[in-house]
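Engineer: The primary structure of each chain is shown beneath.
2 protein chains.
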Amino acid sequence: MTTRPSTQETRERLLAAALEAFGQRDYDAVSTRELATAAGVNLAAISYHFGGKHGLYLATARLLGERMRALLHEDLSWIRSTYADASPEECRRLVGDLIGRLASRLLGDEFGRHVPGLIIREQGRPTEAFEILYETLFGPVHHVLGELIGRARNRPADDDEIRVIAHALIGQAVIFRAGRTALLRYMDREGFDEGDLVHIRRVVAALAESALATPGEGAQR
Amino acid sequence: MTTRPSTQETRERLLAAALEAFGQRDYDAVSTRELATAAGVNLAAISYHFGGKHGLYLATARLLGERMRALLHEDLSWIRSTYADASPEECRRLVGDLIGRLASRLLGDEFGRHVPGLIIREQGRPTEAFEILYETLFGPVHHVLGELIGRARNRPADDDEIRVIAHALIGQAVIFRAGRTALLRYMDREGFDEGDLVHIRRVVAALAESALATPGEGAQR
DNA sequence: AGATTTCAAACGATCGTTTGAATTAAGCAT
DNA sequence: ATGCTTAATTCAAACGATCGTTTGAAATCT
Numbered sequence: 001m002t003t004r005p006s007t008q009e010t011r012e013r014l015l016a017a018a019l020e021a022f023g024q025r026d027y028d029a030v031s032t033r034e035l036a037t038a039a040g041v042n043l044a045a046i047s048y049h050f051g052g053k054h055g056l057y058l059a060t061a062r063l064l065g066e067r068m069r070a071l072l073h074e075d076l077s078w079i080r081s082t083y084a085d086a087s088p089e090e091c092r093r094l095v096g097d098l099i100g101r102l103a104s105r106l107l108g109d110e111f112g113r114h115v116p117g118l119i120i121r122e123q124g125r126p127t128e129a130f131e132i133l134y135e136t137l138f139g140p141v142h143h144v145l146g147e148l149i150g151r152a153r154n155r156p157a158d159d160d161e162i163r164v165i166a167h168a169l170i171g172q173a174v175i176f177r178a179g180r181t182a183l184l185r186y187m188d189r190e191g192f193d194e195g196d197l198v199h200i201r202r203v204v205a206a207l208a209e210s211a212l213a214t215p216g217e218g219a220q221r
Numbered sequence: 001m002t003t004r005p006s007t008q009e010t011r012e013r014l015l016a017a018a019l020e021a022f023g024q025r026d027y028d029a030v031s032t033r034e035l036a037t038a039a040g041v042n043l044a045a046i047s048y049h050f051g052g053k054h055g056l057y058l059a060t061a062r063l064l065g066e067r068m069r070a071l072l073h074e075d076l077s078w079i080r081s082t083y084a085d086a087s088p089e090e091c092r093r094l095v096g097d098l099i100g101r102l103a104s105r106l107l108g109d110e111f112g113r114h115v116p117g118l119i120i121r122e123q124g125r126p127t128e129a130f131e132i133l134y135e136t137l138f139g140p141v142h143h144v145l146g147e148l149i150g151r152a153r154n155r156p157a158d159d160d161e162i163r164v165i166a167h168a169l170i171g172q173a174v175i176f177r178a179g180r181t182a183l184l185r186y187m188d189r190e191g192f193d194e195g196d197l198v199h200i201r202r203v204v205a206a207l208a209e210s211a212l213a214t215p216g217e218g219a220q221r
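Each protein sequence line maps, in turn, to chains A and B. All residue numbers for the first sequence refer to my numbering, where the first residue is 1 and numbers rise by one. All residue numbers for the second sequence refer to my numbering, where the first residue is 1 and numbers rise by one.
Keep in mind that the hints are not guaranteed to be accurate.
[Said to hold, decoys possible] Selected chain B positions facing chain A (in silico; Cβ < 10 Å): (1) 41; (2) 43; (3) 51; (4) 63; (5) 66; (6) 87; (7) 89; (8) 124; (9) 163; (10) 178; (11) 212.
[As the list claims (entries may be wrong)] Covered stretches of chain A (chain B as the covering partner; in silico rule of three or more C-beta atoms under 8 Å from a C-beta of chain B): (12) 19 to 27; (13) 76 to 83.
The hints are simulated quantities; they were obtained by calculation from the structure and are not laboratory data. Backbone N, C-alpha and C define an ideal beta-carbon position, used for all residues, glycine too.
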């Protein structure tokens, strides 16, 4: 009863191959022939189904955005339902937890393999894909962090200082993927095992939490 | 007295154009013709002087590394000469100062325009250029931060936890370039002026400093 | 049957590099 | 200085390879 036998599968195969390729290499460094071969489909399928390489790229960004939204949904929505009547101390703890979790996820699993490559690359030369990825990933994290940190410091979430802090803390997590190679070298390792990830998650969480422990300069102005 | 560009000038022009181009776009996204045109030299000069596009790329990485070394030299060597007999509190302050300075530099001036693009891109697919850049940039900062944080927490600088913390704090600075576009959007701005930079530098410095204020979990093990 | 999807082949454009002649700089005998 | 030789550098043009895309016929499905 397959109403669309191979049409959908061709699309999915191409998207999977594109996610793998665009996730770790630049747009221009990925060729359509390579994508078609990796996906096991004909070269012309890219133009046929996505209107061209760029269309496939955008579709990949959308796919990635949706997956991220699903992955982050439980974490973020739980936090969102919590912080409304949480104490500043609890908010601090939530921030640390979120940052630590983000760091180990980015470093460790499937989650982190593709996301930052695409996202960080989009920062340099933003295309339409940036909008897609910001709204599903950077944006929600920015927003939730802003709320939490605002509460932790008794300041409005849209305060400039709060936003700078939120961004800086995200950096604590992102660097574990963006600077992964440098970290491997710094820590003299060939890869990170489960124990490393747990350790890193704890350390980063504690670091982010204590970063908010002392009131910022804005408080005593 | 027709001033034909001398040998050296041709090289320098190409390097300048390459730094500009490779600093913000991917290797494959930059064409040799574009570089030659931007530099105002003949296309064949790339092969003649650098042995090809890849040679020019590596030479660019070397040039960038040297400039970074010069830029960081005063900061780092001053710190190096200081921390030997500095108190943990002073070390904390030095860390905050360094991270804040790094953040505003990366975000603001010429320093930041080219570095992270090249470096972060090299993390995904490390080439020989990664070695060059790690040794002149990431490496020294890692090292100095490790020493400072180690002293601040009374632990050896080569401790795993210290290294994770050092890396995370670097992330606080790097994100201001790597995630610049997202930050602009988050803060609803079109660019950052001098006031923004000063503010960001202060906030990030205070954040990093207070992150080290509470003893890590390793201390009470 | 008619519409949709796949396929091998080819298209023009652009890529990095090479070529060989033209131009410039430098050394040297006169 | 002057002419001549030689090496170094620049230049326009062309090379083969690969790029993204298009084509029109074959295959498949409704």
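Engineer: All hints, please: hold or fail.
Structural biologist: Results of checking the hints against the structure:
1. At a threshold of 10 Å, the smallest CB-CB gap from residue 41 of chain B to chain A is about 23 Å, leaving the interface hint violated.
2. Because the closest C-beta pair between residue 43 of chain B and chain A is about 19 Å apart, greater than 10 Å, the hint is violated.
3. Given hint, residue 51 of chain B at the interface with chain A, is violated; its Cβ is 21 Å from that chain's nearest Cβ, farther than 10 Å.
4. The beta carbon of residue 63 of chain B comes no nearer than 20 Å to any beta carbon in chain A, farther than 10 Å, and the hint placing it at the interface is violated.
5. Taking 10 Å as the C-beta cut-off, the interface hint given for residue 66 of chain B is violated, the closest approach to chain A being about 19 Å.
6. At a threshold of 10 Å, the smallest CB-CB gap from residue 87 of chain B to chain A is about 18 Å, leaving the interface hint violated.
7. Interface hint status for residue 89 of chain B: violated, as the beta-carbon distance to the closest one in chain A is roughly 13 Å, over 10 Å.
8. Taking 10 Å as the C-beta cut-off, the interface hint given for residue 124 of chain B holds, the closest approach to chain A being about 5 Å.
9. A least Cβ separation of about 5 Å between residue 163 of chain B and chain A falls short of the 10 Å threshold, and the interface hint therefore holds.
10. The restraint placing residue 178 of chain B at the interface with chain A holds, with a minimum CB-CB distance near 5 Å, inside the 10 Å limit.
11. With a cut of 10 Å, the hint placing residue 212 of chain B at the interface with chain A holds, because the nearest CB-to-CB distance is about 8 Å.
12. Proximity of the stretch 19 to 27 of chain A to chain B, defined as three or more residues with a beta carbon under 8 Å from a beta carbon of that chain, is established by the 4 residues found.
13. Three residues within the 8 Å Cβ limit are the bar, and the stretch 76 to 83 of chain A against chain B gives 0, so the coverage statement is violated.
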